[in-house]
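Engineer: Can you make the complete structure from the sequences, with help from the hints?
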Amino acid sequence: MVSIQDLVRISEFEWEIPRTFRKDMRVPVRIFATRRLLEKVMQDKSLEQAVNAATLPGLVGHVLVMPDMHQGYGFPIGGVAATRLPEGVISPGAIGYDINCGVRLLASQIDYDEVKHQMGDLATVLDHYCPSGVGGKGEIRLSPVELEQVCREGSRWALKRGYATEMDLRHTEESGRLDGADPGKVSPRARERGQPQLGTLGAGNHFIEVDLVEQVFDPQAAQAMGLQEGKLVLQIHCGSRGFGHQICTDYVQEFQAAVKRYGIHLPDRELVCAPLNSPEGQSYLAAMRCAANYAFANRQLLAHNARKAFEQVFAGKQKNWQLEQVYDIAHNMGKIETHLVNGEEMKVCVHRKGATRAFGPGSPGLPEEYQKIGQPVLVPGSMGTASWVLVGTQASMERSFGSSCHGAGRVMSREKAKKQVRGDKLRQDLEAAGIAVRAGSMGGLAEEAPQAYKDVDEVVETVIGAQIARKVARLRPVAVVKG
Amino acid sequence: MESSRLIIHTMIVPAYGYREIEHTADWELEVWAPDLIGLLEQAARGMYALSGLCLERLQSQQRVLKLNAEDAESLLVVFLGEILHFIELDNLAFDEFQIELDGYKLHARLTGSQVQNIDKEIKAVTYHNLLVRQTGHGLHVNIVFDV
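Order-wise, the sequence lines are chains A and B.
Each residue of the first sequence is one higher than the last, beginning at 1 in the working numbering.
Each residue of the second sequence is one higher than the last, beginning at 1 in the working numbering.
Simulated from the structure, these hints should not be mistaken for lab results.
Certain hints may be false.
Here are the computed lysine-lysine pairs in the BS3-like style, where the Cα-Cα straight-line distance is at most 25 Å [to be verified]:
| no. | chain 1 | residue 1 | chain 2 | residue 2 |
| --- | --- | --- | --- | --- |
| 1 | A | 260 | B | 120 |
| 2 | A | 347 | A | 185 |
| 3 | A | 231 | A | 372 |
| 4 | A | 317 | A | 231 |
| 5 | B | 120 | A | 416 |
| 6 | B | 66 | A | 185 |
| 7 | A | 231 | A | 116 |
| 8 | A | 137 | A | 185 |
| 9 | B | 120 | A | 425 |
| 10 | B | 66 | A | 419 |
| 11 | B | 120 | A | 137 |
| 12 | B | 120 | A | 418 |
Structural biologist: Structure follows, in structure tokens:
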């Protein structure tokens with residue numbers, strides 16, 4: 001167990017578990033948190049899991065943990081770890097089952113005050129157009145050939161079929177397509193699961209949310225993103241569905257034997273890994289990229305359907321009802337990136353699990369309009385609370401492998417949340433607070449109650465205090481569709 | 001239409017059972033049984049209960065499952081993964097488990113029916129801290145599910 005006495009305070013917002021804490025640690029753990037957030041985190045196994053993660057072969061720098069951290073399986077949620085190429089490892093469990101789970105933000109010029117009476121209708125129509133729920137299947141059933149195309153092309157597949165615009169792709173991490181995806185490395189079962197689920201939200205904590213831009217903190221950055229106070233925006237949170245879950249499951253299974261072959265000893269079997277330059281590591285990387293591209297296409301189809309919902313509700317009544325993409329960002333991903341580590345530029349595989357890429361101004365891969373301001377970082381809050389739009393900074397490049405937080409982060413188990421909160425009462429309370437809610441199940445709604453999460457404002461103030469992100473705008477929810 | 005919610009069996013047969021353990025984000029299940037066959041069955045029943053799964057009892061269906069694993073933990077993960085897959089693929093869940101084991105080689109005849117309702121989606125069965133332990137009362141294991 002890690003206790004607060006084991007931590008070295010670096011600053012008000014940064015703490016370290018030194019490498020000497022446990023013999024098998026290869027690098028220290030750096031935690032972005034206030035003392036108050038740390039004390040909350042001590043109630044679960046997040047830090048123990050971060051220490052376990054610090055034993056992965058080939059790590060460089062620190063294992064980092066964001067202020068929205070919470071206990072996961074193997075690797076903590078909110079964790080970031082970079083392994084050096086070519087011999088460092090890649091670990092599927094350090095990326096997660098929902099490969100390229102992420103958030104997309106679209107902005108409109110619709111004045112909330114003019115349409116607030118329509119939020120119930122909008123939630124109903126969004127719910128209708130965007131299939132959700134357990135095992136939900138979409139309107140499209142991909143043929144085997146089409147699935148392979150989605151694997152290779154990601155959002156570009158959607159563009160070719162009229163589900164996307166060039167600007168959507170321009171405003172997506174990696175333009176919505178990772179190079180090096182190889183469907184040949186994806187199992188028949190994953191393919192079978194992927195074929196019917198494209199364009200679906202799923203269940204759990206996935207959602208579509210309409211927000212109003214409540215406050216702008218950085219007018220220049222907000223203008224570059226098309227965000228204006230009082231206007232409606234839309235967030236989509238989901239990932240690669242059963243396709244990604246199966247790919248991760250397959251490789252966690254396969255790597256159980258790989259660690260023995262490569263003589264890798266780990267404190268938790270969920271952290272199994274393989275060297276990046278091994279056939280096993282290369283196969284997972286190629287399959288993971290298929291799932292990442294599937295997830296980009298999935299959010300693209302949901303965005304297309306959300307646009308249809310906006311058209312149905314607002315066309316002819318509002319002048320500029322269109323939704324323009326601000327950004328789409330992954331928070332469960334393994335990426336090959338170049339970073340400066342101890343003064344040395346090196347190619348690393350950055351594992352982000354429940355952590356968002358947060359590249360600073362001037363970083364490669366950002367579109368021209370975001371070069372000056374830095375990459376948009378999307379931080380959805382818990383249901384009924386604020387969400388934030390931030391941007392990456394130079395400090396994030398230097399101190400967190402260009403990463404920041406991804407949300408509020410749970411503090412309460414789903415079981416406890418269901419015991420404390422009644423879904424129908426929560427829905428009534430949210431509706432009374434002016435938030436229209438459509439949910440697949442009242443139990444599922446209760447599990448996602450705001451009480452089950454940390455205060456997103458406190459999480460954001462921590463990354464701002466640590467200077468790994470900068471505030472752009474705060475969003476307030478007005479309609480939610482829950483999977 | 002008759003339906004039946006799969007419920008906790010611990011009070012009926014104390015040697016076998018499962019219970020949910022507090023976990024911040026995902027689901028953790030503690031499962032116990034006198035032997036590995038019982039552990040597999042209880043784990044499946046516990047997983048169904050966590051999902052809030054209800055069966056339609058219109059027409060029973062059978063499936064045969066053959067698996068081979070390196071150890072007890074891998075067998076649990078693979079077996080539960082197969083059980084989850086039947087839900088997604090065929091909308092099918094089981095309430096009768098006839099399991100035979102030869103080491104970690106499994107042959108099972110599963111009888112069940114169509115799923116009428118399921119509240120929650122389990123993304124995956126994880127290996128997180130997974131260890132089948134021999135205790136004075138039989139086998140125990142804690143399983144974490146990604147949800």
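Engineer: The structure should be examined with respect to each hint, and the outcome stated for every one.
Structural biologist: Evaluation of the provided hints:
Between the alpha carbons of residue 260(A) and residue 120(B) the distance comes to roughly 35 Å, so the proposed pair goes past 25 Å and is violated. As the CA atoms of residue 347(A) and residue 185(A) are separated by approximately 24 Å, the hinted pair is consistent with the 25 Å bound. The hinted pair formed by residue 231(A) and residue 372(A) meets the criterion: a straight-line CA distance of about 24 Å does not exceed 25 Å. Restraint check for residue 317(A) and residue 231(A): the C-alpha separation of about 15 Å stays at or below 25 Å, so the hint holds.
Proposed proximity of residue 120(B) and residue 416(A) is supported: the alpha carbons are some 16 Å apart, at most 25 Å. Taken as a hint, the residue 66(B) and residue 185(A) pair is honoured in the structure, with Cα atoms around 24 Å apart against an allowance of 25 Å. A distance of roughly 11 Å separates the Cα atoms of residue 231(A) and residue 116(A); the hinted pair therefore holds under the 25 Å criterion. Taking the CA atoms of residue 137(A) and residue 185(A), the gap is near 24 Å; set against the 25 Å cutoff, the hint holds.
Note on residue 120(B) and residue 425(A): the hinted pairing holds, with a Cα-Cα distance of about 20 Å set against a maximum of 25 Å. Note on residue 66(B) and residue 419(A): the hinted pairing is violated, with a Cα-Cα distance of about 39 Å set against a maximum of 25 Å. With a C-alpha separation of about 15 Å, the suggested pairing of residue 120(B) with residue 137(A) holds against the 25 Å cut-off. A C-alpha spacing of about 13 Å is found between residue 120(B) and residue 418(A), which places the hinted pair at or below 25 Å, so the restraint holds.
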